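Undergrad: Those sequence lines, one after another, are chains V, H, L and A. According to this note's numbering, the stretch in the first sequence is residues 1 to 336, in order. According to this note's numbering, the stretch in the second sequence is residues 1 to 336, in order. According to this note's numbering, the stretch in the third sequence is residues 1 to 336, in order. According to this note's numbering, the stretch in the fourth sequence is residues 1 to 336, in order.
What the hints contain is simulated information worked out from the structure, not anything from laboratory work. Hints should not be assumed to be uniformly reliable.
Note: identical chains are not told apart, hence a pair may lie in one copy or across any two.
[Stated by the list, open to error] Once the Cα atoms are required to be at most 16 Å apart in a straight line, the calculated EDC-like pairs of lysine to aspartate or glutamate come out as: (1) 144 / 176; (2) 195 / 170; (3) 215 / 260; (4) 6 / 260; (5) 144 / 106; (6) 70 / 117; (7) 71 / 82; (8) 108 / 196; (9) 195 / 139; (10) 144 / 177; (11) 6 / 67; (12) 215 / 60; (13) 132 / 49; (14) 75 / 57; (15) 324 / 117; (16) 132 / 51; (17) 119 / 153; (18) 195 / 230; (19) 75 / 60.
A quick note: this is a predicted structure, and the numbers were derived from the prediction, not measured.
Protein chains: 4
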Amino acid sequence: MITVIKPGTKEQQLESLIKWFKDQGLDVHVSKGHYQTVLGIVGDTGRVDIDLLEGLDMVERVQRVSDPFKKANRKFHPEDSEIECGGGVKIGGGSFALIAGPCSVESKEQITLVAREVKEAGASLLRGGAFKPRTSPYDFQGLKAEGIEMLLEAKKETGLPIVTEIMNAEHLPLFEEVDVIQVGARNMQNFELLKELGRTDKPILLKRGLANTLKELLMSAEYIMAGGNEKIIFCERGIRTFETYTRNTLDLSAVPVLKELSHLPVVIDPSHATGKASLVLPMALAATAAGADGLMIEVHNDPAKALCDGAQSLTPARFEQLAKQVSKIREAMADA
Amino acid sequence: MITVIKPGTKEQQLESLIKWFKDQGLDVHVSKGHYQTVLGIVGDTGRVDIDLLEGLDMVERVQRVSDPFKKANRKFHPEDSEIECGGGVKIGGGSFALIAGPCSVESKEQITLVAREVKEAGASLLRGGAFKPRTSPYDFQGLKAEGIEMLLEAKKETGLPIVTEIMNAEHLPLFEEVDVIQVGARNMQNFELLKELGRTDKPILLKRGLANTLKELLMSAEYIMAGGNEKIIFCERGIRTFETYTRNTLDLSAVPVLKELSHLPVVIDPSHATGKASLVLPMALAATAAGADGLMIEVHNDPAKALCDGAQSLTPARFEQLAKQVSKIREAMADA
Amino acid sequence: MITVIKPGTKEQQLESLIKWFKDQGLDVHVSKGHYQTVLGIVGDTGRVDIDLLEGLDMVERVQRVSDPFKKANRKFHPEDSEIECGGGVKIGGGSFALIAGPCSVESKEQITLVAREVKEAGASLLRGGAFKPRTSPYDFQGLKAEGIEMLLEAKKETGLPIVTEIMNAEHLPLFEEVDVIQVGARNMQNFELLKELGRTDKPILLKRGLANTLKELLMSAEYIMAGGNEKIIFCERGIRTFETYTRNTLDLSAVPVLKELSHLPVVIDPSHATGKASLVLPMALAATAAGADGLMIEVHNDPAKALCDGAQSLTPARFEQLAKQVSKIREAMADA
Amino acid sequence: MITVIKPGTKEQQLESLIKWFKDQGLDVHVSKGHYQTVLGIVGDTGRVDIDLLEGLDMVERVQRVSDPFKKANRKFHPEDSEIECGGGVKIGGGSFALIAGPCSVESKEQITLVAREVKEAGASLLRGGAFKPRTSPYDFQGLKAEGIEMLLEAKKETGLPIVTEIMNAEHLPLFEEVDVIQVGARNMQNFELLKELGRTDKPILLKRGLANTLKELLMSAEYIMAGGNEKIIFCERGIRTFETYTRNTLDLSAVPVLKELSHLPVVIDPSHATGKASLVLPMALAATAAGADGLMIEVHNDPAKALCDGAQSLTPARFEQLAKQVSKIREAMADA
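So that you can see chain V by itself, here it is in the shape it has in the complex (with noise of 0.2 Å):
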């Protein structure tokens, strides 16, 4: 850890500065500059409380050198984990996985269709909302316990392993069948449930916070793996700017970055981040040719409203084409 100190710091000040550190069991090095002092300070620095430290006064700066995250960190993992998602199916070391199915699960008929359909076009896991995270108290919550019970019975038809989003720990009963845990971007810094995922031995989907950084992020899942649960996936799904066209602006380099980082796999959900049909299909394919282990596809099916021809899902009949176009982009990432 450096700490830079201000010019003009008394050496009084700076002595008892140093005297902090050491009382703390850490070495310090003193490096007086022409302009600026400079304090490199070794040893085990994860307790410094970094925010009493960056407010005084005497302190221009303070930065970690070394990353505070490690059971998540490439450094002392270099080959790519892949993470075991049930039903023979990987995500991550080489195994892509698409994962599809539609926002909330409305009924039985609906998901197991829905379920049918991804498969058949080349999804390897089902998704479908049980509990909603939703901005208003009064909007539709989703059909919860029963929810997860349809997912089960589509799961038993089909074959596919099931993702689904959990957002209370109390609630973990509930999952015990369900293959992965979807964490939502409202709850990445939820510690509490972190902790309690930790716990368990469940691959969880740990999706970004809306104005979360990357480093953040590898926090979250340090979170749930320093409780000895390592199967982590991560999710980029869109972060908040200025910009309105899109409802969130997809961070595609989330994927080299997080996989410069980390072992851990990284899957893109572009239907939530852009929130229009039409760019699901670029940004898919984008998503692969960055080096995503996965993508999370909103696929909605329901031939008695034409309406939904066109929504942020897609069709089972689109999502085929983009399965097809997905393939076409890995195999010539394969070749090159």
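With the hints as your guide, set chains H, L and A onto chain V.
TA: Frame of chain V; chains H, L and A shown alone:
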């Protein structure tokens, strides 16, 4: 609700969309312009799936015209709400409160000493973190239950009501004697926690999330209020932007905007927002002049460590100065 | 244009607003809902002062329903535009271009050497900065006129058309033999410069500003096109967000969005956006798969300094690999 | 300057980097920690190509420790600067100014009337736009030279010095009798314009760009000051964030931060920042309490149009109230 239709949409598609609205019990006013067709949807539009609608190929844009928040809405509750915080202390409706104390509770001696000093300097509530949300699982997570015990001791000694953060609804029994429960920025959209707090009768200090809009903050209050607990105090504590000199960007427009839209009180936390002790005083004065109902100020006392002088936390002496200057501003405003 | 009126507005105020619109030669359709009144304004709404309107106490919200950009608009020009860049090189309408070269022109030898190498590796245009916009007045500002001379020498030797940035309309005479004139991100809304470029017949590579929306980028193109010059190439080079690991956040949705809204070609600059050599290749492939019409890649050659190996600039060897992989992606897409 | 080297970097690479610094006449202090090596670079580091350096594979991070701004820096100029604005009006160093007037100059009658009224209400400078930067080329661009003539008439009648925006250095001859020249947010990094203004001796009101950091604003002032003109007044007018209720997010921390870093005065423009008349008063008071040296307020007068009552522009009557309340706040602060 207004739905703007894209030019070139086929009559048949438009009719199927109109039918879809009508099937949900809504009235549709069609207004065909030279360039564009606009549907005005009237009725209980709260249940309409906006995401689905916006994703339709034929839809250019969807806009709610009435506010989705009801209980927090000033339209239906024109007078300011005044929240009773225990010990006769009130926030809102003309009552202004200084909430002061350390970031974390460290020991019984520390918290009692700070409590005494901030009380003398003019604070009306004591704050202190017992459960600490930390980005890293390896960082200190607070004294937890023990920390709350220490806060209660400080309350007993000084009579100051206490404010402290909750991170998990399961911890509610520990908060029985806590006066005001804080929901941190990272949990602003932890809807499960909000619902549980809606079942209590404790005042809730609800902090704005790092990338949340003011309308979303209002909706999160609505989650708590929908459960029956209408004692909400908003707290603005800085949002994320590209600026790096301050820790976050304090959005003081939040004060007049929230007061325009809602009857609930608004408190400002300049300590967390700026992350620098030297900026706390000017931003506290600015918040007061903008019309805030209270301030939340980090105050730390550790005479043994000269170090802390100048940290993001003010010393009790600097806090006393701040309290005096805030009073002057409030007098000037009352006078105007 | 739609104007949503606040509930509680007096009839007289509403009528004075309607009269105000009519006085400007516009038709007004009034639609009174149960909760809200909405005015649909039809006619040439381009001259209406939106800022004034939005600021009115009685107005809840104003929304244009038709696009304010005309010449750049795909609605009025459905086929893709293909921009001739000199030397038979085209961008758009199926033609894909690799633009490569160093950030700054440093010497005749350097630029000629890089030109030769990138040409061999597959580049179709040469880039190089002669006028450099720098945050600090004390930083190197480029070789200016001399730099352009050097670029022209490199062009003569290799036949590659050249792209270089203009910062001041007074410098236009120096750009007479430049093939494509670049407008940098910081000048995207330098409307005086845009107007001057509208009077030339040079292709303009228009970079998106760091905090500009895609609609604003379209309007800046419109400034140039309104003057008569319709040869615009858009360039996305990253926007500012709270993420700090990458220099900026590359918004690849810009590709399909701009292509949906406009007929003009879109080029991506992954070098500036990410600021890290290791991220250039994956983001270049992603941009290609998203449907970009070209890439702008920083390539530097300095065999004397082993230093430069690994900089944000690729070496010619790494650029050659990139060019090959980009071709594979393009073939895979053509095939689909 | 500090350069943090990645672990695993080969000795030979490190030496070539050290040599590269030394070849530029710089001293290098090497500090090898257990985990990381850090280079402290001493000397005139202003010419080092930071972008190149940061892009190197071996480099983890680069950090300047001394400020890149000199003439604007409070370190080298501890007392506040006071800027003479003509007519005996001063801004900074304890002098506070109210700058008021309409967004655009519309006619001689309008501007003279507003000038008279704002003067009476307490304004010390008159603002009004003659050259208007507009997102769309089809929108009204201002009365240009004619508008400046009208402003000068209003100045002659009232004695108020005038502030108006420049968009093109070629227009400078028209600004000969203008007292303060404004650089708009979109031109904050139009370095060619800044350089030209550095050759004049007019006070420059420099507005912060929509996505620019405060350090960048300081560097833009430095561009003007490096040319010899040290009469700079900063103006914060809101930055872009994800919040949509206000037009921009007014960053009032800019006041104490700029004053900490620089000796130059800071003015706040709450009208443009918020875009809503109802928010102008509270944000004006907040700015004053934060320590601003002046306010820039849109005031419009059109008794014929009841319409304008309530626009983002205040009426002269509401401006007068604002002026009085601002005075009260200033007295309260002087008193403290």
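Undergrad: Would you mind marking each hint as holding or not holding in the structure?
TA: Okay, the hints, checked on the actual structure:
In this homomeric assembly, residue 144 and residue 176 come within 16 Å of each other (Cα to Cα) only inside a single copy, at 14 Å, whereas the closest approach across copies is 30 Å. With identical chains, the CA atoms of residue 195 and residue 170 are at most 16 Å apart both within one copy (13 Å) and between copies (14 Å). For the homomeric pair residue 215 and residue 260, the shortest alpha-carbon distance inside one copy (12 Å) is at most 16 Å, but the shortest distance between copies (30 Å) is not. Proximity of residue 6 and residue 260 under a CA criterion of 16 Å is satisfied inter-copy only: 13 Å between copies versus 34 Å inside one chain copy.
In the homo-oligomer, the alpha carbons of residue 144 and residue 106 lie at most 16 Å apart inside one protomer (11 Å), although the nearest pairing across protomers, at 41 Å, exceeds that limit. Taking identical chains as interchangeable, the C-alpha atoms of residue 70 and residue 117 are never at most 16 Å apart, the minima being 41 Å within one chain and 41 Å between chains. In this homomeric assembly, residue 71 and residue 82 come within 16 Å of each other (Cα to Cα) only inside a single copy, at 15 Å, whereas the closest approach across copies is 48 Å. Proximity of residue 108 to residue 196 under the C-alpha cut-off of 16 Å is found in neither arrangement, the shortest distances being 30 Å within a copy and 30 Å between copies.
When the C-alpha separation of residue 195 and residue 139 is checked against a cutoff of 16 Å, the pair qualifies only between copies, where the shortest distance is 14 Å, while the shortest distance within a copy is 29 Å. Taking the shortest alpha-carbon separations for residue 144 and residue 177, only the intra-copy value of 15 Å comes in at or below 16 Å, while the best inter-copy value is 33 Å. In this homomeric assembly, residue 6 and residue 67 come within 16 Å of each other (Cα to Cα) only across copies, at 11 Å, whereas the closest approach inside a single copy is 25 Å. When the C-alpha separation of residue 215 and residue 60 is checked against a cutoff of 16 Å, the pair qualifies only between copies, where the shortest distance is 14 Å, while the shortest distance within a copy is 22 Å.
Within a single copy, residue 132 and residue 49 get their C-alpha atoms only as close as 37 Å, which misses the 16 Å cut-off; across copies the closest is 12 Å, which meets it. Proximity of residue 75 and residue 57 under a CA criterion of 16 Å is satisfied inter-copy only: 15 Å between copies versus 35 Å inside one chain copy. Proximity of residue 324 to residue 117 under the C-alpha cut-off of 16 Å is restricted to the intra-copy arrangement: shortest distance 14 Å within a copy versus 36 Å between copies. Taking the shortest alpha-carbon separations for residue 132 and residue 51, only the inter-copy value of 13 Å comes in at or below 16 Å, while the best intra-copy value is 35 Å.
For the homomeric pair residue 119 and residue 153, the shortest alpha-carbon distance inside one copy (15 Å) is at most 16 Å, but the shortest distance between copies (59 Å) is not. Taking the shortest Cα distances, residue 195 and residue 230 sit within 16 Å of each other inside one copy (12 Å), while across copies they are farther apart (31 Å). Proximity of residue 75 to residue 60 under the C-alpha cut-off of 16 Å is restricted to the inter-copy arrangement: shortest distance 14 Å between copies versus 30 Å within a copy.
In summary, the structure is inconsistent with hints 6, 8 from the numbered list given earlier, while agreeing with the others.
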